[in-house]
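S.K.: With chain A fixed as given, assemble chain B onto it according to the hints.
Chain residues, written in single-letter form:
2 protein chains.
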Amino acid sequence: MSRRQMARPGGRSARVQASVHTAVRELEAEVGRDALTVPLVAQRAGVTPSTIYRRWGDLRELLSDVAVERLRPDAAPQDRGSLSADLMAWAEQFVDEMASPPGRAYIRDALLGDPDGSNAGQCSDYAAEQIDVLLARAAARGENAPDVETVIDRVVAPVMYRVLFRPAGLDAAYARRLVAEVLGAVGR
Amino acid sequence: MSRRQMARPGGRSARVQASVHTAVRELEAEVGRDALTVPLVAQRAGVTPSTIYRRWGDLRELLSDVAVERLRPDAAPQDRGSLSADLMAWAEQFVDEMASPPGRAYIRDALLGDPDGSNAGQCSDYAAEQIDVLLARAAARGENAPDVETVIDRVVAPVMYRVLFRPAGLDAAYARRLVAEVLGAVGR
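First to last, the sequence lines map onto chains A and B.
Mapping to our numbering: the first sequence position 144 is 144, numbers consecutive.
To convert, take the position in the second sequence, counting from 1, and add 1000; that gives our numbering.
Just chain A, same shape as in the assembly (with noise of 0.2 Å):
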């Protein structure tokens, strides 16, 4: 996904972008993943082929941008009152989601047609964000809290790690876990 796509917000690129998102999204719901092709989408969204050739190289990149997109937080997380509630909340989500066959779809699509990487970064900067909001919101209550870094290493990694390679034992015990670990690891 390149900043070119983002520039003109209000711009035929992005209505192209959003219409071809949602045939895709619709189409997936309809004929099943396996059925899309570039033309199929492209009737849908009313555009040429070549305008999405021209835009996303292949379907596996335009698949990716779209997995890019619905991995995109919702809204910010819910203040819970304290840094532990919120993050633990955070983590139990975050595994329900990736761990779900839509989500493990979704992450695997972010990844495959992503040949410079951008999209990952994407889904890496999603989930700093949402952890920055819940740490942003500790050190206005003045708990310690650990940086958004070892955050990523510590629930991050981990969750993304066994989803992708190790999927046995992903569960919201998980999750509380890496939680309580990296809390009392600066606990202390």
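Keep in mind that a hint or two might mislead.
[What the hints assert, rightly or not] Here are a few chain A residues that face chain B, going by a calculated C-beta distance under 7 Å:
1) L36
2) L112
3) P115
4) A120
5) Q122
6) A157
7) Y161
8) V163
9) F165
These aren't lab readings, by the way, just hints derived from the structure by calculation.
The beta-carbon is built from N, C-alpha and C at its ideal position, and this holds for glycine as well.
M.R.: Same frame as chain A, but now just chain B:
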């Protein structure tokens, strides 16, 4: 990579696998990765294209198997006299290999052509086996040691997460810090 493929290491099946893997490695070096096709690999390996399609499904799954084979460690990690020295050296080499351009390409290949996750699981098992060797040595020396899943969460996962999603700062110092932290947690 199905277990079946490994069933008769001396049989025709194993010979086909070896010649096809060799053909992929040679052709990658000669014509480059993007020029590889199933007919080209088949011709070099002296098998029919249908043999490859029957066994691997498509080029992507073949490349995934070749990548896993390349990610397999050559030997048990060296004994450096203490768990700390052993794990530091292992983690530095792991970062070095995985963050290198070929390492990144193999990890991507291993994930991409792996619809059932068995190749990704194999990569994770390779790391776990190497760590198991180090932890068994530590136990024999009477050293305190974390368990293998903790080392996976605290050292392997952050490295692999950063290789795939957040590549800045992946160096030997980072590897040493992860090891110092997981061993420090055990020491307390």
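S.K.: So, for every hint listed, does it hold in this structure?
M.R.: Here is how each hint holds up against the structure:
1. Restraint check, L36/A versus chain B: the minimum CB separation of about 16 Å is more than 7 Å; hint violated.
2. Using the Cβ-Cβ criterion of 7 Å, the hint placing L112/A at the interface with chain B is satisfied: the shortest such distance is roughly 5 Å.
3. Interface hint status for P115/A: violated, as the beta-carbon distance to the closest one in chain B is roughly 9 Å, over 7 Å.
4. For A120/A, the interface hint holds, the least distance from its beta-carbon to any beta-carbon of chain B being 5 Å, beneath 7 Å.
5. Residue-level restraint check for Q122/A is violated (minimum Cβ-Cβ distance to chain B is 9 Å; threshold 7 Å).
6. Given the 7 Å rule on beta carbons, the hint for A157/A holds: about 4 Å separates it from the nearest Cβ of chain B.
7. For Y161/A, the shortest C-beta to C-beta distance to chain B is roughly 4 Å, which falls under 7 Å, so the interface hint holds.
8. Taken as an interface hint, V163/A does not check out: its beta carbon lies about 10 Å from the nearest beta carbon of chain B, beyond 7 Å.
9. Evaluation of the F165/A hint against chain B yields a held restraint, the C-beta minimum of about 4 Å falling below 7 Å.
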